[in-house]
Amino acid sequence: MAHGTGETPWTRYAPAAAWDEAVDLQGKVRDTYARVYAEIDRMSGDDLYARAEALASTYLAQGVTFDHAGEERPFPLDIVPRVVGAEEWEIISPGVAQRVKTLEAFLADVYGSQHCVNDGVVPRKLIASSQYFYRSVAGIEPRNGVRVHISGIDLVRDQHGIWRVLEDNVRVPSGVSYVLSNRRAMSQMFPDMFGAMGVRPVLEYSQRLRSALTKAAPEDVDDPTIVVLTPGVYNSAYYEHSLLARTMGVELVEGRDLECHNGRVYMRTTAGRRRVDVIYRRVDDEYLDPVVFRSDSTLGAPGLINAARLGNVTIANAVGNGVADDKLNYTYMPELTRYYLREEPILPNVDTWRLEEPDAREEVLDRLAELVVKPVDGAGGKGVLIGPKASKAELDQVRQQILEDPRGWIAQPVVQLSTVPTLTEEGLEPRHVDLRPFAINDGQDVWVLPGGLTRVALAKGQLIVNSSQGGGSKDTWVLGGVRHRGSMSPPPESRVEFSGVSAVPQAAHPDDYAAGQQQAQQQQQQQQQQPVQEQQGSDPC
Amino acid sequence: MLSRIAESLFWIGRYVERADNTARLLDVHLNVLLEDPWVDEPSANASLLSVMNCTFEPPVTRHHVLEVLAFDATRSSSIAGTLTAARENARRAREVISTEVWESLNMTRNQLPRWTSSARPHEYFVWVRERAAVVWGLSSATTSRDDAWHFMELGRSLERADMIARLLMTRHFEGTTGPNWTTLLRSCSAHEAYLRTVRALVTEERAAEFLLIDRLFPRSIAYNLAKAEETLGLIEGASNNKAMSDRARLALGRARTNLEYRDVREILNNLPEQMREVQRACALASDLIRDRYFLPASTVLWNQEAL
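In order, the protein sequences belong to chains A and B.
Sequential numbering from 330 applies to the first sequence in the working numbering.
Sequential numbering from 3 applies to the second sequence in the working numbering.
Bear in mind the hints are in silico, worked out from the structure with no lab data behind them.
Model, not experiment: these values are computed from the prediction.
Yeah, the Cβ is synthetic: ideal placement off N, Cα and C, and Gly gets one too.
The reader is advised that the hints may include incorrect statements.
[Said to hold, decoys possible] Computed footprint of chain A on chain B; a stretch qualifies when at least three of its residues, placed anywhere within it, have a C-beta under 8 Å from a C-beta of chain A: (1) 95-104; (2) 140-148; (3) 269-279.
[Stated by the list, open to error] Computed beta-carbon distance windows for the label pairs: (4) Lys718/A with Arg122/B: 41 to 49 Å; (5) Gln113/B with Thr753/A: 45 to 53 Å; (6) Pro220/B with Gln848/A: 29 to 37 Å; (7) Ser720/A with Gln113/B: 42 to 50 Å; (8) Pro839/A with Arg201/B: 27 to 35 Å; (9) Leu236/B with Arg513/A: 48 to 56 Å; (10) Arg122/B with Arg602/A: 38 to 46 Å; (11) Arg736/A with Glu105/B: 44 to 52 Å.
[Claimed, not checked] With the C-beta cut set under 10 Å, the calculated list includes, among others, these residues of chain B facing chain A: (12) Arg89; (13) Glu90; (14) Phe153; (15) Gly235; (16) Leu236; (17) Ile237; (18) Glu238; (19) Arg294; (20) Tyr295; (21) Phe296.
Same shape as in the complex, but just chain A (with noise of 0.2 Å):
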């Protein structure tokens, strides 16, 4: 692929059937990637794979890693970056923020009193039979109303490039380190790229996350003490954990390092206990606390729930979330939208069919090989079935599953996740991406990272893209940021005055300054002395 025979890295560079974010099916450019394509046009195929071969080092060096089957990997990040044009993010950004504050509400009814249950919104059923469901986290009210101070809405974009929400996370969502890290690694790449751009930033996420958890802390509290509970340093994403407590500037702490003493919680330090008063825990709800859940989990600590029932201690997520992104509730959230907001929903569902009812069900058994079919409580890409590429044994047992617990499952079309460009053995090819925006709810407002994971599935047509089955990442680019670089005169109490002003002198060794002259003058000694000097040659002094 040399520039000579006029190929560059998109000569070969053809989508396929689905909505292809790049290059539309004329092949002509569309307007948001024309700087990145301009920019790749221009190397030659070497030098792509030079850049992206120095990304995986950078990563392998600062020790971005995911732990994969027990083994410590570099995160994958590609070398094209996705592109989400400043009005497309005026949807996304509203639309993730809608649905932030249904979950939100339907979280509070649902340990409250439950009207939509009682006005006939959902049925008593869903909550009743949610594995996440937990009865003893019920009446305990957050002090700033906020259960869902971290989300992560999973959006897609089908055939016809409409974005959809293809699931929520409102328990422990991760991925956002890579975001965070994806940029970092992204600009130091293509610095004059994000210049004329106009990327927005992703920075200030840390300081955001800090702001909403020091608001959600207990009430009596003025300078709370923040602390991210890891499971961990064998956890998957214990990198993450590690990034956020290191950028927000607080503790690490695993289950052993907290204790529960009349229901307050402390961390143990060398100087002592410390009280703790926010936990942002990455620890799955039945590990948290062995007295009222899993009673032989070591990850938690004895007595937390207790602490957070008196209003010692805020735990962020809240206990209990898992009621809301149910796949099966998932189902219900465009109603839920307009009976809680009473507002239209931004962001549409997938079509899903709900198996516990007879109809749905019968006409999903039929079209089982056209569908997709997903536990309602899965994650990672786990136990999904995609209709079209499986073999008649799965889905003959999928087949029974479902009819031994039709709540168990959900059915969708098969969604052509929209594609990339992305680099591949085979050169620049499309591949199939999700994305994953992140939100944070201080309890006055939803605040949406511009950008956000976006996930990209490496093998060819391959349209699950979890990294835990082999996904990849790609650095998100959502323009229409300020630029200030130029463009606006800083306002005048912040310039300096130079003129008039003598700088103050650097110092420098003395007898530098008279060094040109010294050398002359040693110079010249050495040359009188030379034929001295050469008789002494050998000695090795």
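Go by the hints and put chain B onto chain A.
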């Protein structure tokens, strides 16, 4: 500072210093094997392994020594093993140590597989010492002088005192006349400092004194024992629960004064036992520090049956 993190920092300090000093020690050992015409290599090797507290079966080959102490990353005694362990501890304490220090430890671990026993060992040792210097330089330039720093310093000075004591024991290996004092000074990077301080040729007493009790040179045993004592006093909350932290200081102080107030000839006459005494003091202090700062007061285990 969390006890768990403090413990990791303490061990990062110890491991990096141990790698550095093991490299120095092996370098001296290989040098002696080359230069001593009357050497009985297997028993010299065996002595080295026993000083480093490794089990072995005679006869011990040079290759075996290098595997055990330098290259085999699966052994905790080897340089590769300690550097890997340092990196694992840094990963646990990732949010407390600076990015630069983390990356230098991570890079070191990543580059380890390039070095195998087929490479020239001397170059490997130089590389190890360089990496250790990079880690120390970066941490000194990027760490606040709070407990994070103190615990790392504490680990480092304890380990250094301990390892110099082990190094001096090589004087009395079986099967060899042992390294001369100039070699020992060189291996501690002390030769030039010695010449400047003592301003005399290397004699046994003077050289031993320099490595044992010089108050200014950072690779003398007494310097490091004093440094550890001092650091113990700087740790936050050291004054609460005085008994425990003071016992650690006591052990270190006794070992130091034992060297400082004893006639150097007397020490030289009984060098191995005196050096073992230093190592025991370091081990005791390390245990006391663990009891005082790292162990949870009581581990609460939830047991449903007990309700």
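These are the hints, each one checked on the structure:
Under the rule that three or more residues need a Cβ within less than 8 Å of chain A, the assignment of the region 95-104 of chain B holds, with 4 such residues. Taking a C-beta to C-beta cut-off of 8 Å, the region 140-148 of chain B contributes 0 residues in contact with chain A, too few for the three needed, and the coverage statement is violated. Coverage of a stretch by a chain is defined here by at least three residues with a beta carbon nearer than 8 Å to that chain's beta carbons; for the region 269-279 of chain B and chain A the count is 0, and the condition is violated. The hinted window of 41 to 49 Å between Lys718/A and Arg122/B is violated, with their beta carbons roughly 54 Å apart.
At about 29 Å, the beta-carbon gap between Gln113/B and Thr753/A misses the expected band of 45 to 53 Å. Between Pro220/B and Gln848/A the C-beta distance comes to about 35 Å, which sits within the given range of 29 to 37 Å. For the pair Ser720/A and Gln113/B, the supplied restraint of 42 to 50 Å holds, since their beta-carbon distance comes to about 45 Å. For Pro839/A and Arg201/B, the Cβ-Cβ distance of about 29 Å falls inside the hinted range of 27 to 35 Å, so the restraint holds.
Hint check: Leu236/B to Arg513/A, Cβ distance near 35 Å, so the stated range 48 to 56 Å is violated. Checked against the hint of 38 to 46 Å, the C-beta distance between Arg122/B and Arg602/A comes to roughly 53 Å, which is inconsistent with it. Range check, Arg736/A to Glu105/B: about 49 Å between beta-carbon atoms, so the 44 to 52 Å window is met. Hint status for Arg89/B: holds, given a least beta-carbon distance of 9 Å to chain A, under 10 Å.
Hint status for Glu90/B relative to chain A: holds, with the closest Cβ pair at about 8 Å, below 10 Å. Among the interface hints, the one on Phe153/B holds; its C-beta lies about 8 Å from the nearest C-beta in chain A, closer than the 10 Å criterion. At about 14 Å, the closest approach between the beta carbon of Gly235/B and any beta carbon in chain A exceeds 10 Å, and the interface hint on this residue is violated. The beta carbon of Leu236/B comes no nearer than 12 Å to any beta carbon in chain A, farther than 10 Å, and the hint placing it at the interface is violated.
At its closest, the beta carbon of Ile237/B sits 7 Å from a beta carbon of chain A; the interface hint therefore holds under the 10 Å criterion. Look at Glu238/B: its Cβ gets to within about 5 Å of chain A, closer than 10 Å, so that hint holds up. For Arg294/B, the suggested interface contact is upheld, since its CB lies about 8 Å from the closest CB of chain A, less than 10 Å. Annotation: interface hint on Tyr295/B holds; nearest CB of chain A at approximately 5 Å, less than 10 Å.
At its closest, the beta carbon of Phe296/B sits 8 Å from a beta carbon of chain A; the interface hint therefore holds under the 10 Å criterion.
Checked against the numbered hints above, the structure violates hints 2, 3, 4, 5, 9, 10, 15, 16; every other hint is satisfied.
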